[in-house]
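**Student:** Work out the full structure, taking the sequences as your base and the hints as a guide.
Next come the chains, spelled out residue by residue.
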Amino acid sequence: MVTNSAATAVGISASKIIPLSMTALLGLFIVGFVGFSHLEVVHNAAHDTRHSLAFPCH
Amino acid sequence: MSLFRNIVFTAVIAGLLSGLLLTVMQSFSTVPLILQAEVFENAAPEAGHSHDAAPAAGATASAAEHHHGDEAWAPADGFERFIYTAAADMLSAIGFALVLVAASEAFGGFKGWRGGLMFGIAGFLAVILAPGLGLPPELPGMPAAELGPRQIWWVSTAVCTAVGLGLLAYTRSAVFAALAIVLLIAPHLVGAPLPPSHETAVPMDPHARFVNAVYATNLVFWAVLGALAGVVREKFRAGEEASAGSPAKLASR
Numbered sequence: 119m120v121t122n123s124a125a126t127a128v129g130i131s132a133s134k135i136i137p138l139s140m141t142a143l144l145g146l147f148i149v150g151f152v153g154f155s156h157l158e159v160v161h162n163a164a165h166d167t168r169h170s171l172a173f174p175c176h
Numbered sequence: 005m006s007l008f009r010n011i012v013f014t015a016v017i018a019g020l021l022s023g024l025l026l027t028v029m030q031s032f033s034t035v036p037l038i039l040q041a042e043v044f045e046n047a048a049p050e051a052g053h054s055h056d057a058a059p060a061a062g063a064t065a066s067a068a069e070h071h072h073g074d075e076a077w078a079p080a081d082g083f084e085r086f087i088y089t090a091a092a093d094m095l096s097a098i099g100f101a102l103v104l105v106a107a108s109e110a111f112g113g114f115k116g117w118r119g120g121l122m123f124g125i126a127g128f129l130a131v132i133l134a135p136g137l138g139l140p141p142e143l144p145g146m147p148a149a150e151l152g153p154r155q156i157w158w159v160s161t162a163v164c165t166a167v168g169l170g171l172l173a174y175t176r177s178a179v180f181a182a183l184a185i186v187l188l189i190a191p192h193l194v195g196a197p198l199p200p201s202h203e204t205a206v207p208m209d210p211h212a213r214f215v216n217a218v219y220a221t222n223l224v225f226w227a228v229l230g231a232l233a234g235v236v237r238e239k240f241r242a243g244e245e246a247s248a249g250s251p252a253k254l255a256s257r
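If you read the protein sequences in the order shown, they are chains A and B. Every letter in the first sequence is one number past the one before it in the working numbering, and letter 41, counting from 1, is 159. Every letter in the second sequence is one number past the one before it in the working numbering, and letter 167, counting from 1, is 171.
For the record, the hints were derived by calculation from the structure and aren't laboratory data. Any given hint could turn out to be false.
Within a straight-line C-alpha distance of at most 27 Å, the following computed DSSO-like cross-link-like pairs (lysine-lysine) qualify [as the list claims (entries may be wrong)]:
#	chain 1	residue 1	chain 2	residue 2
1	B	LYS115	A	LYS134
2	A	LYS134	B	LYS239
3	B	LYS115	B	LYS239
To spell it out: a stretch of chain B is covered by chain A in this simulated footprint if at least three of its residues, at any positions, have a beta carbon under 8 Å from a beta carbon of chain A; those stretches are [to be verified]:
#	segment
4	11-23
5	87-97
6	115-127
7	182-192
Using N, Cα and C, we set each Cβ at its ideal position, and we do this for glycine too.
**Tutor:** Okay, structure coming up:
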């Protein structure tokens, strides 16, 4: 019990893995696009957000 | 598929509301300081010189004028800029919420607003505080190292911190606890990419207030995002029990 590995302690059922990873990837994609895209236009549109969220900017 | 749909609904609602709150808080705290700093930045173009460290920026003097640049579109100051900031805030919030809810579901769910609040504060630690220790919030016109390495360090730090916190919270073995501590500390021992010089035309005082404002607004934002996600997640469970219960395999918890 005390020495549970991370995987068994988590106990994700197999049917959940795909929707959960899809969700997480979608979220990472959105944050990556808004906060980390090198496109000048995206940078300019999200400029104040990037600074205010302390994302690396410029 | 119902799990995916329910998580997306949850994240969109929690993200829209907390992103809106974030935008309102920012428009009173961080955004005026950004606008103030841009005056200094534009008045002293050489202060933005370190931007030219990026080879793609070109050698022209106008490269310092990066955001109202001549080559790329930018929202007009005032209402248009506010709308784009609001949209970017809400999109980021939805993105954060998607990751947060997915992570919580992997560990058995929020179980109400308190659990959501805990996840939200963990998100603040991983996304704002830990990267901010190496790369403090910056105003426009402040010197910084090249963008790419900073982004890599930022992402690595956020991931290491999130994994470290998860190990501390959800495992009970000494080995994992030690690994968690290594993950929490290692990015700061490696160190963030720093600019060759810290000289800037932006005065100290607005920058100090900006750093405080960023931490304060983001702490509130993450706490609200997490708690809201915890509340809303309970409302969107349609179809999950049916699909999870009917297969022969029973969920372990």
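**Student:** Within the assertion that chain A covers the segment 115-127 of chain B, do at least three residues meet a Cβ-to-Cβ distance smaller than 8 Å?
**Tutor:** violated (count 0)
**Student:** Quick check: do three or more residues in the segment 87-97 of chain B have a beta carbon closer than 8 Å to a beta carbon of chain A?
**Tutor:** Our answer is that it holds, as 7 residues pass the Cβ test (under 8 Å) against chain A, meeting three.
**Student:** Verify this for me: three or more residues of the segment 11-23 of chain B with a beta carbon less than 8 Å from a beta carbon of chain A.
**Tutor:** holds (count 3)
**Student:** Please work out if B/LYS115 and B/LYS239 have their alpha carbons no farther apart than 27 Å.
**Tutor:** 12 Å, holds
**Student:** Is the hinted pair A/LYS134 and B/LYS239 satisfied, with a Cα-Cα distance of at most 27 Å?
**Tutor:** Measuring from Cα to Cα gives roughly 19 Å; hence the hint holds.
**Student:** At least three residues with a C-beta closer than 8 Å to a C-beta of chain A: is that true for the segment 182-192 of chain B?
**Tutor:** violated (count 0)
**Student:** Taking 27 Å as the top limit, are the C-alpha atoms of B/LYS115 and A/LYS134 close enough?
**Tutor:** 17 Å, holds
In this structure, the hints that do not hold are numbers 6 and 7, in rising order.
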